[in-house]
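The listed protein sequences derive, respectively, from chains G and L. Per the numbering used here, residue 18 is the first one in the first sequence, and the count goes up by one each step. Per the numbering used here, residue 3 is the first one in the second sequence, and the count goes up by one each step.
Just so you know, these hints were derived from the structure itself, not from any lab. All values reported here derive from a predicted model rather than from experimental measurement. All C-beta atoms, glycine included, are put in the ideal place defined by N, C-alpha and C. Errors might be hidden in some of the hints.
To be verified - One side only, chain L facing chain G, incomplete, derived with CB under 8 Å: (1) 31; (2) 97; (3) 108.
To be verified - In silico DSS-like cross-links for lysine-lysine, where the CA-CA straight-line distance does not exceed 30 Å: (4) G:36 - L:113; (5) L:113 - G:238; (6) G:220 - L:82; (7) G:220 - L:46; (8) G:313 - L:35; (9) L:202 - L:225; (10) L:25 - G:221; (11) L:113 - L:157; (12) G:220 - L:108; (13) L:35 - G:221; (14) L:82 - G:238; (15) L:89 - G:117; (16) L:25 - G:220; (17) G:36 - L:225; (18) G:135 - G:117; (19) L:135 - G:220; (20) L:135 - G:221; (21) G:238 - L:130; (22) G:238 - L:135; (23) L:202 - L:130; (24) G:221 - L:89; (25) L:113 - G:313; (26) L:89 - G:238; (27) G:221 - L:65; (28) G:270 - L:130; (29) L:82 - L:157; (30) G:220 - L:225; (31) G:221 - G:135; (32) G:313 - L:108; (33) G:313 - L:89; (34) G:36 - L:202; (35) G:221 - L:142; (36) G:313 - G:36; (37) L:65 - G:238; (38) L:157 - G:84; (39) L:130 - G:221; (40) G:221 - L:225.
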Amino acid sequence: MTASMGALSLFRRTFGVMKENGPAHILSIGTIAISFFLFAAFLLLPLNLTSLLEAWEKKVQIILYLKDGVEEQRILHLTGELQKEEGIREVRYISQRTAKESFERDLAGYGGVLKGVKEEIFPASLEIQMDERFRTPERIRALAARLRAIQEAEEVQYGGVWLERFSLFLYTLRWGVWILGGVLVAIIVSVTANTVRLTLYNKKSEIEILKLVGATDAFVKLPFYLEGGVQGLLGAGGSILLLLALFHFFSLKVAPYVSLYFGELRLSFLPPAMIAWILGIGVASGLLGGLLSLRKAAGI
Amino acid sequence: MSGDRGSPDGGGHKDGYMIQFFKVYKTYPGNIKALANVSFKIEKGEFVFVTGPSGAGKTTLLKLIIRMERPDQGEILVNKRNLSRIKHSQIPLLRREVGFVFQDFKLLNNKTVYDNIALVLRALGYNKREIPKRARQVLKVVGLDERVLRQPPLKLSGGEQQRVAIARALANTPSIILADEPTGNLDPDLTVEILDLLEKVNNLGTTVVVATHNTGLVAQYRKRTIPLYRGEMAA
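Please take these sequences and the hints and turn them into a complete structure.
Put into structure tokens, the structure is as follows:
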């Protein structure tokens, strides 16, 4: 009972202190919220881009263009051989005629643009679909290399090059997020420390009196530590709410248009554990800011 | 009339002394001598003036009593506590036994009189129900009407502000009241009022130490004095 009353009184004093120095705190919480918003947004980006990458990886296929004049029987044999390869789910033969017909279908709106074009200029090919677990950039690259070694192969194409680049981009982004996170935490600590220092300056007389009348160190200092923690928590919480609002806006208004070009987008928000981490980092950096400012304030 | 001199162990009044200084020295950075070889004893319930011109070391002496400063040399005993040996965590306990009154009142002008007194009581662990009761009690002791409780200090006269400061100092029923030039900002009539009030507090059993440069005032009250001059006890 006494402990809970003590905690309640401590929170009251902390919010009292913050209220008295309201504008500075609003500014500080706003700055922390913006910093955390950037951090959280950069966490959200690779999270959703990873799912996009996975969706694209599902669609990825390898096309093996055949040299001219490969006999039908050899093609059938080759198809059969490839079907037996580990990781290959389906091999579909596209003859020169089928390739031309497919092109004509795709370009139907452009009138007779393919009129007079002979089917010989369209290379026959084998479209190779892979098993789900083999759709990683490394395995696709390895298979493509093996296919290039086939004597009848003219060229092997797959979306893997840009997928690899995209994957590398994601990897870089993930590391970038943590570097950015480190920088932002430093900013948050500094912002909180300065605001707490400002409060300390404003409360100098009160602190002096409290110390003179025999208030304990904990009684004098705790509200300032807590002030930093509360600032960090409110800033981090504010950033999550802001990001959530923008996420919903993007999901409802923008995502449908993006899906038209990049396929179905299944967007997901930050998982609860990650949100808890962000709030925790907010509180920890705020407390650290409070601690640093109290250390710098001589005599307190 | 100057203070007794002796050693930490000596004297038949050992239990009757509230404050004892034994050959205390204090020098500030820049080799500024504040106190040198200061020894005296103040009995429980005594009213003592510490006198001397500006720079004599009066404020330093008061600061040493509440461990705001540490002596370079010598021993200080306050209510049987040896200040050289107390831990940092025990300083608040020492200060709870001492009420401090300043020349410039040091009241928080952005708070009401009640909040000024309640702040101290809250810090010292008084509960919510006790605080208003105690605030009214101490206000009564210093002769102020309850109506001032809701007013900010700046709405009060200088004398009333100093009374509020004394009320705040008395809030925790201290054994000692230290007053540093408590009438320095007041006119002669108010000066007498405040000194009378401190005398009243003393009559209730509290040891009172008043630092002042006002020799006229000292003469008027006929109390024991500890005269200081350039940090040393004047003969």
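Evaluation of the provided hints:
1. 31: 14 Å, violated
2. 97: 4 Å, holds
3. 108: 6 Å, holds
4. G:36 - L:113: 14 Å, holds
5. L:113 - G:238: Status holds; Cα separation ~20 Å.
6. G:220 - L:82: Distance ~33 Å between residue 220 of chain G and residue 82 of chain L Cα, so the pair is violated.
7. G:220 - L:46: 35 Å, violated
8. G:313 - L:35: 28 Å, holds
9. L:202 - L:225: 14 Å, holds
10. L:25 - G:221: 33 Å, violated
11. L:113 - L:157: 11 Å, holds
12. G:220 - L:108: 12 Å, holds
13. L:35 - G:221: 28 Å, holds
14. L:82 - G:238: 29 Å, holds
15. L:89 - G:117: With Cα atoms ~94 Å apart, residue 89 of chain L and residue 117 of chain G exceed 30 Å; violated.
16. L:25 - G:220: Not OK: residue 25 of chain L and residue 220 of chain G at ~37 Å, beyond 30 Å, violated.
17. G:36 - L:225: It is violated: about 48 Å lies between the C-alpha atoms, which goes past 30 Å.
18. G:135 - G:117: 8 Å, holds
19. L:135 - G:220: It holds: about 26 Å lies between the C-alpha atoms, which stays within 30 Å.
20. L:135 - G:221: 28 Å, holds
21. G:238 - L:130: Measuring from Cα to Cα gives roughly 21 Å; hence the hint holds.
22. G:238 - L:135: 27 Å, holds
23. L:202 - L:130: Measuring from Cα to Cα gives roughly 28 Å; hence the hint holds.
24. G:221 - L:89: Judged against 30 Å, a Cα distance of about 24 Å means the pair holds.
25. L:113 - G:313: 27 Å, holds
26. L:89 - G:238: Measuring from Cα to Cα gives roughly 18 Å; hence the hint holds.
27. G:221 - L:65: 18 Å, holds
28. G:270 - L:130: With a Cα-Cα distance of about 54 Å, the restraint between residue 270 of chain G and residue 130 of chain L is violated, given a limit of 30 Å.
29. L:82 - L:157: It is violated: about 41 Å lies between the C-alpha atoms, which goes past 30 Å.
30. G:220 - L:225: The hint is violated at about 38 Å.
31. G:221 - G:135: It is violated: about 90 Å lies between the C-alpha atoms, which goes past 30 Å.
32. G:313 - L:108: Answer holds: residue 313 of chain G to residue 108 of chain L is near 24 Å, not above 30 Å.
33. G:313 - L:89: Cα-Cα ~22 Å, so holds.
34. G:36 - L:202: 40 Å, violated
35. G:221 - L:142: 29 Å, holds
36. G:313 - G:36: The hint holds at about 23 Å.
37. L:65 - G:238: Roughly 22 Å between the alpha carbons, so the hint for residue 65 of chain L and residue 238 of chain G holds.
38. L:157 - G:84: Given that 30 Å is the threshold and the Cα spacing comes to 101 Å, the pair is violated.
39. L:130 - G:221: Answer holds: residue 130 of chain L to residue 221 of chain G is near 25 Å, not above 30 Å.
40. G:221 - L:225: 35 Å, violated
Consistency with the previously given hints fails for numbers 1, 6, 7, 10, 15, 16, 17, 28, 29, 30, 31, 34, 38, 40, ordered from lowest to highest.
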